[in-house]
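Quick mapping for you: the protein sequence lines, in order, are chains A and B.
Sequential numbering from 1 applies to the first sequence in full-length UniProt numbering.
Sequential numbering from 1 applies to the second sequence in full-length UniProt numbering.
Take the hints with a grain of salt, since some may be wrong.
Quick look at which bits of chain A chain B covers, simulated, 3 or more residues with Cβ under 8 Å [what the hints assert, rightly or not]:
| # | segment |
| --- | --- |
| 1 | 87-93 |
| 2 | 104-110 |
| 3 | 118-127 |
I should point out that these hints are in silico values taken from the structure, not numbers from a laboratory.
Predicted model, so just to flag it, every value in this text is computed and none were measured.
Backbone N, C-alpha and C define an ideal beta-carbon position, used for all residues, glycine too.
So you can see what is in the structure, the chains are spelled out below.
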Amino acid sequence: MTKVLTVEDLTISFGTGDSELTVVHKVNFTLEAGKTLALVGESGSGKSVTSLGIMRLLSPSQSRVQGKIVLHSDEDIDLLSLSESRMRRLRGDRIAMIFQEPLTSLNPVYTIGDQIIEAIRSHRRMSKRNARQRAIELIDQVGIPDAEHRLGTYPHELSGGMRQRIMIAIALALEPDILIADEPTTALDVTVQAQILELLNRLQEETGMAMLFITHDFGVVADIADRTIVMYAGEMVEEGSTETVLERPLMPYTSGLMRAVPKLETAGLKEGDLESIEGFVPHPDNRPTGCSFHPRCTHALAGTCDVPPVPIEDAGDGHLVRCKRWKTLQEAAE
Amino acid sequence: MAAATEQIQTNSKLRFFESRTLRRFVRHRLAITGLVMIVGIGILCVVGPWLLPHDMLDINIRDRFSPPLTDTFIMGTDEMGRDLAARLFMAGRVSLMVGIAAMILSTLIGTVIGLVAGYFGKVTGTVLMRLTDSFLCFPQIFLLLTLAAFLEPNAFMITLIIAVTSWMEVARIVSAEIRSLRERDFITAARISGASHRWIMFRELLPNTIGPIIVAATLTIAKAILLEAYVSFLGYGIQPPMPSWGNMLNNAQQFLDTAPWLAIIPGIAITAAVTSFNFIGDGLRDALDARSDAQ
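With these hints in hand, go ahead and build the complete structure from the sequences.
Right, here's the structure in full:
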């Protein structure tokens, strides 16, 4: 197991002074080569901001990123203290990213061949001819037939799934150590979604890159992730191997999220049978005291859950949970 | 093999133009009329002076104020008996050159300012756009005349001051366009792949605004020709004996009742050139607007 990225106490806040809002609070994780870590949570739980923070793409005048992000390349590189120009050289090269909207992520005025070739040549000294050859290999690798002819097509001539494949090809062009995938399948059809996940799994096996996979869909998590972190209101609330988290969720929020995924068995049931978690993720300036989930939690106990601090506890085998009542709840369940 | 792919790539680019923009432009009757007229005027101005039997500076006192179609003077002569046709074509060279050069210069200034303002936004954007607004506050004609009165009036200076007083529109168009484009995902994608600000501005954003810029540029030529005519008419522009459409009108006004062709002919030339460029601009605007494809 080779560590590729260590994130320690990552805290991200926006605004300054009195109006400062903490959006991500003390997040810790490591990425390992060839493994996938999933960050799961509802909209507003801070998962996308975390990825942008790692890429250092948050405007420094509007946000504050604290903690430590260390990239274990040939040497250990602290990303947060890196100069902007060195960071720029790492982006797309050592750390690549794909995201939600493949429809708008390609520049409409260039052919996809030009875009892949430029992505390669912006980081590597390579002749146009070689870069072109590499582009053909990449298009082939992401499972698009007739790669050579595809080079000359414009983004608008391709379907959503095809465009996401091209985005993946661009991301993988320089064989990055880390691929951050921010809901890459959310905008796609279910069948295409499955193909893209399969593709990412295969490419990971081939290249040995580490993947940080951001999603709100536990179905996707089960397909792709080795480890899973559940985030709520900017905090990690549960972490463990994907199997443990899915089979034995300890935090009521995780089990709530899982029950809210529509399944085939629920088809045909009456309205209201599909569970949802009442309420919304709290706004960062109005975070409840104690456990930030307790106002929405059906197991919340006054006097316990609304009293800080709520530490994250180890439930064995690296299964971490941030819930004061997990032991009681687990015993009750058994 | 490589040649074959090259072929496919050019084909695809050609197809892009053939199928959309170009076809829409060709279908635009007024634009094509304008284009034909401009090409005609251009050819006449370039070739005309060589074909005519008279030099534009030849003075024929005996033939003063000949009306059009007298002898070899197809457009007649002016108050010094100079061939009006020769002068008109030479003037056309000057006026069109000033128009096009001023367009290039003002489009460059406007594009760069709009691009930087739109991309960086915040303080930089505000300062640049308020600068643009403050330039717009002055009536352009007075700004132009004031500058023209202080500077040495020649074709180069006129071009320069027309450009300096007409870049604002392009700047506003570009900055508005960039402000919406920079939020698009492909810009985030470019940043994620480590692109610099300069790369994003000139390689990612600029090609996406080429349409509106071309339209604005075409309309700017029309405006620049008019402005040059205006300034030269008032005597601050191109100085005789070098002719321009504007200073030909200036000379003609005192003979309006006795030799009206002296004013009418350059007047028609200005009108024809300006309307043609406006038609082309409108045609381009419609052609480059992909939404008209949906209809």
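- prompt: Within the segment 104-110 of chain A, is the number of residues with a Cβ closer than 8 Å to a Cβ of chain B three or more?
  reply: Holds, because 7 residues of the segment 104-110 of chain A bring their Cβ atoms closer than 8 Å to Cβ atoms of chain B.
message: If you count the residues of the segment 87-93 of chain A with a beta-carbon closer than 8 Å to a beta-carbon of chain B, do you get 3 or more?
response: With 6 residues in contact (Cβ-Cβ under 8 Å with chain B), the coverage given for the segment 87-93 of chain A holds.
- request: Tell me if chain B covers the segment 118-127 of chain A under the three-residue, 8 Å CB rule, please?
  value: holds (count 4)
In summary, the structure agrees with every hint in the numbered list given earlier.
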